[in-house]
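Spelled out, the chains give:
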Amino acid sequence: MSDLFRELGQHLYDGDAPGVIELTRKAIEQGLDAREILNAGLLPGMERVGRDFKDGELFIPEVIVAARAMHAGIELLKPLLARGAGPASRKIALGTVKGDLHDIGKKLVGIMMQGAGFEVIDLGHDVPPERFVEVVSTLKPDLIGMSALLSTTMPMMKNTIEAIRAAGLSGKVKILVGGAPITQAWADEIGADGFAPDAVGAVECARRLL
Amino acid sequence: MVDVHELVVEVPRREVLRYMGYPRTHSPSSGVASRVDQAWEQACALLRPRGAWVLATRADAEAIGMPDPSPQVAFGVCSIGPALEELEVQWSGQGDVLGGLILDAFGSAAAEVAAEALHARVCAGVQPAALYASRRLSPGYGRWNVTRQRELLAHLPIDRLGIRLTEGSMMIPRKSVSFAVILGETQTRERRARCASCELETCRFRVDDDAGPQEKKET
Ligand code: B12
Ligand code: SF4
Chain H
1 MSDLFRELGQ
11 HLYDGDAPGV
21 IELTRKAIEQ
31 GLDAREILNA
41 GLLPGMERVG
51 RDFKDGELFI
61 PEVIVAARAM
71 HAGIELLKPL
81 LARGAGPASR
91 KIALGTVKGD
101 LHDIGKKLVG
111 IMMQGAGFEV
121 IDLGHDVPPE
131 RFVEVVSTLK
141 PDLIGMSALL
151 STTMPMMKNT
161 IEAIRAAGLS
171 GKVKILVGGA
181 PITQAWADEI
191 GADGFAPDAV
201 GAVECARRLL
Chain R
1 MVDVHELVVE
11 VPRREVLRYM
21 GYPRTHSPSS
31 GVASRVDQAW
41 EQACALLRPR
51 GAWVLATRAD
61 AEAIGMPDPS
71 PQVAFGVCSI
81 GPALEELEVQ
91 WSGQGDVLGG
101 LILDAFGSAA
111 AEVAAEALHA
121 RVCAGVQPAA
131 LYASRRLSPG
141 YGRWNVTRQR
151 ELLAHLPIDR
161 LGIRLTEGSM
171 MIPRKSVSFA
181 VILGETQTRE
191 RRARCASCEL
201 ETCRFRVDDD
211 AGPQEKKET
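Residue numbers (the working numbering), protein chains in the order written: chain H, 1 to 210; chain R, 1 to 219.
There's no promise every hint is true.
As the list claims (entries may be wrong) - Covered by chain H, per the in silico footprint, the following chain R stretches (three or more residues, Cβ under 8 Å):
no., segment
1, 4 to 11
2, 69 to 80
3, 147 to 159
4, 170 to 184
What the hints assert, rightly or not - Dumping the calculated SDA-like pairs for lysine to any residue here, alpha-carbon to alpha-carbon at most 20 Å:
no., chain 1, residue 1, chain 2, residue 2
5, H, 140, H, 210
6, H, 172, H, 185
7, H, 26, H, 90
8, H, 54, R, 42
9, H, 54, R, 19
10, H, 158, H, 119
11, H, 54, R, 168
12, H, 54, R, 204
13, H, 54, H, 180
14, H, 54, R, 205
15, H, 158, R, 168
16, H, 54, H, 35
17, H, 91, H, 124
18, H, 158, H, 186
19, H, 140, H, 90
20, H, 54, R, 206
21, H, 54, R, 95
22, H, 91, H, 54
23, H, 140, H, 152
24, H, 91, H, 71
25, H, 54, R, 23
26, H, 54, R, 28
27, H, 158, R, 167
28, H, 54, R, 22
29, H, 54, R, 26
30, H, 91, H, 208
31, H, 78, H, 17
32, H, 140, H, 151
33, H, 140, H, 68
34, H, 54, R, 203
35, H, 54, R, 27
36, H, 91, R, 63
37, H, 158, H, 193
38, H, 91, H, 26
39, H, 54, R, 202
40, H, 158, H, 125
In case anyone wonders, no lab produced these hints; they're calculated from the structure. The C-beta atom is built at its ideal place from N, Cα and C for all residues, glycine as well.
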């Protein structure tokens with residue numbers, strides 16, 4: 001069994017989605033618990049990917065391919081996980097703030113979040129504060145992730161946080177910020193709950209906050 | 001009327017890889033490399049690199065916030081056109097994040113090469129007047145606020161280039177570059193990589209200063 005999990009983790013690390021699907025199916029057919037397949041097979045594989053990315057041994061494209069393989073495995077486990085008593089998957093709504101058109105970084109954060117088992121709502125780019133507020137009150141995500149790449153759009157993060165506060169929703173959602181010019185100091189200044197410099201860090205930060 | 005130039009753009013693979021996140025010392029895995037190869041031809045076919053430039057005065061330059069202008073300056077803008085971005089949106093919409101990243105990186109590298117090609121046109125265009133062009137300076141870099149881009153572009157035929165500005169003064173198509181150059185009577189030997197003078201020290205695409213000059217690349 002541990003061999004199967006080890007192999008599953010390796011296929012995931014290699015970004016081999018068909019291999020991950022095949023082995024996840026095999027594990028399910030062997031009657032293994034879905035949560036165990038996730039925790040002992042898929043997640044350790046993805047954690048290794050995250051570690052090697054941090055250490056500069058893997059790069060964004062390989063991480064994307066691995067995250068997609070992870071996602072393929074999770075899709076098979078989802079119906080089984082939902083049946084169990086475990087917690088429902090966490091939801092994050094991601095958007096690039098109003099005035100800003102950069103969205104490749106935010107998309108990468110989305111794919112990593114998905115790979116880590118989060119449900120991702122992608123609001124796109126040029127997202128005004130009102131839209132974030134509307135999403136928090138209607139779709140009730142656990143987290144909001146805002147991205148900004150321009151010094152001129154960074155203040156829009158603050159405006160959005162203020163709008164969420166003014167709508168009485170600040171206790172209801174955790175707020176994560178990121179993008180090339182964003183720093184921890186800026187996140188603290190505007191009252192965001194978390195900051196991460198890259199997509200792998202974003203997942204770690206989200207987990208820490210929940 | 002200001003001329004619109006068709007620009008010849010050959011996109012260096014190494015630059016695309018850099019925008020995809022690979023440092024110069026690392027190559028992509030074989031799976032990723034073959035995806036890049038597959039997308040390459042299609043991406044090249046979708047490029048429509050065009051640009052325009054104009055001569056302007058110090059007063060024009062000061063009026064739009066350009067730092068330290070010379071008596072004569074040139075303003076330029078170029079774009080790779082909308083088609084590559086449209087395919088990127090399509091691929092990303094289908095959940096093909098890697099394909100989207102490749103096209104995004106390809107577009108960024110192409111926009112830079114287009115800006116270089118337009119810059120070369122400026123250099124050639126002012127040579128008969130015994131003027132030399134400095135390297136490019138764009139609104140948003142250093143002391144030049146990015147919101148001044150709108151005023152800079154008022155000097156250029158952006159409608160004919162298919163460029164429009166958003167409320168926040170960003171250009172659409174996104175893969176576009178606007179810039180100004182200082183024109184001097186003596187040639188300045190400052191073909192320094194912009195990274196060396198760029199203030200964004202945490203930039204993950206930064207080319208380190210120890211790299212040979214051929215490795216240096218500006219964005
Ligand atoms: C590539 C690039 C370009 C390309 C493509 C642009 C595009 N929109 O697609 C080209 C060459 C065309 C270009 C043009 C311009 N650019 Co430009 N560009 C860049 C560059 C080098 C990289 C951006 C990028 O693609 N990053 C790739 C992704 C993967 O990284 P990322 O977005 O940072 O995301 C990661 C993290 O930040 C984090 N993250 C991101 N979002 C989030 C969200 C959350 C919640 C979390 C936790 C984490 C997180 O995780 C991501 C993945 O690891 C940046 C410098 C930089 N390092 O950011 C300048 C930069 C953004 N550009 C800049 C400028 C000024 C311009 C121009 C205005 C210049 C000009 N006048 O022409 C034009 C504007 C074009 C327009 N449309 O109007 C400036 C902006 C400065 C400012 N004052 O605000 C920058 C910062 C460069 C600089 N040195 O100042 N640009
Ligand atoms: S450090 Fe500055 S010049 Fe160099 S790649 Fe980054 S944004 Fe471009």
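Results for each hint:
{"no.": "1", "hint": "4 to 11", "in the structure": "violated (count 0)"}
{"no.": "2", "hint": "69 to 80", "in the structure": "violated (count 0)"}
{"no.": "3", "hint": "147 to 159", "in the structure": "violated (count 1)"}
{"no.": "4", "hint": "170 to 184", "in the structure": "holds (count 3)"}
{"no.": "5", "hint": "H/140 x H/210", "in the structure": "14 Å, holds"}
{"no.": "6", "hint": "H/172 x H/185", "in the structure": "23 Å, violated"}
{"no.": "7", "hint": "H/26 x H/90", "in the structure": "27 Å, violated"}
{"no.": "8", "hint": "H/54 x R/42", "in the structure": "33 Å, violated"}
{"no.": "9", "hint": "H/54 x R/19", "in the structure": "18 Å, holds"}
{"no.": "10", "hint": "H/158 x H/119", "in the structure": "25 Å, violated"}
{"no.": "11", "hint": "H/54 x R/168", "in the structure": "34 Å, violated"}
{"no.": "12", "hint": "H/54 x R/204", "in the structure": "13 Å, holds"}
{"no.": "13", "hint": "H/54 x H/180", "in the structure": "17 Å, holds"}
{"no.": "14", "hint": "H/54 x R/205", "in the structure": "16 Å, holds"}
{"no.": "15", "hint": "H/158 x R/168", "in the structure": "17 Å, holds"}
{"no.": "16", "hint": "H/54 x H/35", "in the structure": "26 Å, violated"}
{"no.": "17", "hint": "H/91 x H/124", "in the structure": "16 Å, holds"}
{"no.": "18", "hint": "H/158 x H/186", "in the structure": "10 Å, holds"}
{"no.": "19", "hint": "H/140 x H/90", "in the structure": "10 Å, holds"}
{"no.": "20", "hint": "H/54 x R/206", "in the structure": "17 Å, holds"}
{"no.": "21", "hint": "H/54 x R/95", "in the structure": "25 Å, violated"}
{"no.": "22", "hint": "H/91 x H/54", "in the structure": "25 Å, violated"}
{"no.": "23", "hint": "H/140 x H/152", "in the structure": "29 Å, violated"}
{"no.": "24", "hint": "H/91 x H/71", "in the structure": "15 Å, holds"}
{"no.": "25", "hint": "H/54 x R/23", "in the structure": "14 Å, holds"}
{"no.": "26", "hint": "H/54 x R/28", "in the structure": "16 Å, holds"}
{"no.": "27", "hint": "H/158 x R/167", "in the structure": "19 Å, holds"}
{"no.": "28", "hint": "H/54 x R/22", "in the structure": "13 Å, holds"}
{"no.": "29", "hint": "H/54 x R/26", "in the structure": "15 Å, holds"}
{"no.": "30", "hint": "H/91 x H/208", "in the structure": "14 Å, holds"}
{"no.": "31", "hint": "H/78 x H/17", "in the structure": "16 Å, holds"}
{"no.": "32", "hint": "H/140 x H/151", "in the structure": "29 Å, violated"}
{"no.": "33", "hint": "H/140 x H/68", "in the structure": "25 Å, violated"}
{"no.": "34", "hint": "H/54 x R/203", "in the structure": "16 Å, holds"}
{"no.": "35", "hint": "H/54 x R/27", "in the structure": "17 Å, holds"}
{"no.": "36", "hint": "H/91 x R/63", "in the structure": "48 Å, violated"}
{"no.": "37", "hint": "H/158 x H/193", "in the structure": "12 Å, holds"}
{"no.": "38", "hint": "H/91 x H/26", "in the structure": "29 Å, violated"}
{"no.": "39", "hint": "H/54 x R/202", "in the structure": "15 Å, holds"}
{"no.": "40", "hint": "H/158 x H/125", "in the structure": "16 Å, holds"}
In the structure shown, a violation is registered for the earlier hints numbered 1, 2, 3, 6, 7, 8, 10, 11, 16, 21, 22, 23, 32, 33, 36, 38, in ascending order.
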